[in-house]
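Student: For the record, the sequence lines run as chains A and B. Counting in my numbering, the first sequence runs from 1 upward without gaps. Counting in my numbering, the second sequence runs from 1001 upward without gaps.
You may find that some hints are simply not true.
Straight line, CA to CA, 20 Å or less: simulated DMTMM-like cross-link-like pairs of lysine to aspartate or glutamate [unchecked claim]: (1) A/Lys-110 x A/Glu-231; (2) A/Lys-239 x A/Glu-387; (3) A/Lys-285 x B/Asp-1370; (4) B/Lys-1200 x A/Glu-387; (5) B/Lys-1200 x A/Glu-231; (6) A/Lys-390 x B/Asp-1285; (7) B/Lys-1192 x A/Glu-209.
Chain A side only, calculated, beta carbon under 8 Å to chain B, not exhaustive [as the list claims (entries may be wrong)]: (8) His-2; (9) Phe-5; (10) Glu-9; (11) Leu-10; (12) Asp-22; (13) Lys-194; (14) Pro-196; (15) Val-200; (16) Ile-203; (17) Ile-266; (18) Ala-343; (19) Val-347.
If you want the footprint, here are the derived chain B segments under chain A, 3+ residues with CB under 8 Å [to be verified]: (20) 1228–1235; (21) 1344–1352.
Hints in this document: simulated from the structure, not taken from any laboratory. Note that beta-carbon positions come from the ideal geometry of N, C-alpha and C, so glycine has one too.
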Amino acid sequence: MHVNFSAEELRFQDEVRTFLRDKYPADIRQKTDTGVPLSREDYIRWQKVLYQQGWAAIGWPVEYGGTGWSPVQRYIFANEMANANAPDMVPFGVKMVGPIIYTFGNEAQKKRFLPDILASNVWWCQGYSEPGAGSDLASLKTRADRDGDHYVVNGTKTWTTLGHLADWIFCLVRTSSDVARRQEGISFILIDMKTPGVTVRPIITIEGEREVNEVHFENVRVPIENLIGEEGKGWTYGKVLLQHERTNIAGVARSKYRLTRLREKIMQPIHGGRPLVEDANFVRKMAAVEIELKALEYTELRTLAAVAVGKAPGPESSLLKIRGTEVQQAIEVLFLEAAGYYALPYVPDQYVLDLPVEDRIGHGSETTTSLRYFNNRKASIYGGSNEIQKNIIAKHVLGL
Amino acid sequence: MDFSITEEQSMLADSVSRFIDQDYDFERRMSIAESDDWFSDDVWQAFADLGLTAALFSEEDGGLGGGPVELMLIMEQFGRGLVVEPFLANVVLAGGVLKRAGSEKQKAELLAGIMAGTTQAALAFAEPQGRFDAADIATIATPDGAGYRLSGRKALVLNGGAADFLIVPARTSGEQADVDGITLFVVPSDAKGLTRKAYKTVDAHSAAEIELRDVLVEKSSVIGEVGRAYPVLSDALDDATLAIAAEAVGIMRTLHDKTVEYSRNRIQFGVPIGSFQALQHRMVDMLMECEQTRSLLMWAVMLADGSDADRQKAISAIKYQVGTAGRHVGEEAVQLHGGMGVTWELDVAHYFKRLTSIGILFGNADYHLDRYVALS
């Protein structure tokens, strides 16, 4: 048993480091470091750099433009990306709809959609949840009724992350209600957001940003060639995708990066006062989170090792989602506590406006800690809430 | 043993409760929170008309003679209504200092204005380097002619943007974190050399960063004794801690009730989510946290007129409880509301944010657990 990298893997690590040092735009890094939301242009510019390097689609098969990397290489890449504080690819295209299209789509669909996903020419968003269908996704009501060579779509999708920036949306819709199980009669279709009848309305999140949206469909005509796979089989495809979403959700590398930053932060005297590292209560809490994170890292490595020898990731990925988001949230709490009173001012504009440090409230980015803490409460809710993940483990692992 | 309140106290609680229900619904609250004003002048005037701004001052000082019980009753309702008006800054902090140490003249000029609701005040209790230690004061007051010259920085001065005058603790002697050598000064907010950067806080209250550069004040601006102000400052902060603990109890109970209600109405898998045992138990835990917190609050209120050591210990106990149980109840309320819980639109998110601020204000759970240990 060992977790050492081979010489080849170490060479790969160097290559990734060099790439990030040379190609990751400094202005974007400055934004991610201070917690300023990235613009659509920022995301696309960075994603195109990754694309030029051939590293846009980490998990895709080589034939579709993927890297063909081993699980260890992917692990190294994720760590280096986190250490550079470089944003991941927006997941909806490359991590979500892309794999569905190359797995279940026809040749025409692959040719039409995959290259633009790879090159970040088209921005995708996800149309799963509905106001009445959250944890119980199968109760979704958005209808797609056949009319000649089109579907006519009516309904509302919600929690559509960055939907206001998106060109296309992939949706689970009901194509038949005359079914034995609710999971049947659901289809997976792709909709151009510019189609008449599509309206995007903002949902402002707890910390005051526009991140998610409601997307309304009113008699939206969608060509039947935008159906992926078979009509009525969308649930099966969607489930594969959810599984995929979960394996990426632990965020171990990002959490390690955040803890490293926190450790640096507490060594410094706050505004000339005593450094927080002298506060035993705080240091103990931070150590406890570190230990939980180390356990999570090794759990993820065990999963990776199993995948490397050909086993499919199963319901144990729910564990990664639960513990991963718990650790992320615990880290946000530590940052919040470290900021002291400077967690309280609500001044998001001072980072967007890039005010000189002496004109800012608080030093560094302490005032963003509360916003991050509030916003990140979503982590235990999205992607199948942690309660739903526990149901999955109880059912499929415990067999209850 | 008697946990009941008097008829008068009950009437006070009812009048605040009625105001919240009739004139301060969530929509009104949010329109104030989202406006460019620090708070609503109309609401503040209504508080004065209801006698709230005078409720906690002695009759000799022109007040209504209320004490910790009245403070608890008012603040719990303010928690339920998520009130953003600066009651804490004016009445409990600035008023708390003035009633303890103000001269007759200062009371007549300043406290009277606070009680009438016509003067806005703030107490600059924190400095950027001091974290939660109110004695960590680097602001220096140097004797200068017939008065003093003040220089230094103050952080998170609650109501600092609206305040007509500030009460500024400054060091007249001793080392930076000494409890001795602290003096309180009244400084008009338009004093020469005083600059303020005011902002809203994450809970829609407001505060300011204040810088004093050679601000000249007269000797008559000193409140209480030169160099011996720490006990006054500390006691006012303890009152304020008790106040926000009571506010937290109002918030926690509201979050609990809203969560239970939501779980009855939110249908998933064909049934209300409140029928799931896993969620029921979590709401029961929330209820138990609410009750335990209320018990500690009542303990602290009953000890508020007791010996310093007992009182301070109880204050730290309740603040520790609010910091820990409050966070738990807040996070659980959000989680059980699902995606709705993290939206600006839903009141739950704003209760959670205020509860989070309260957890930090005047020392977080760690700070008060340490203080509790030190006092034991």
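Student: Sort out which numbered hints this structure fails and list those numbers smallest first.
Tutor: 4, 5, 7, 8, 9, 10, 11, 12, 13, 14, 15, 17, 20
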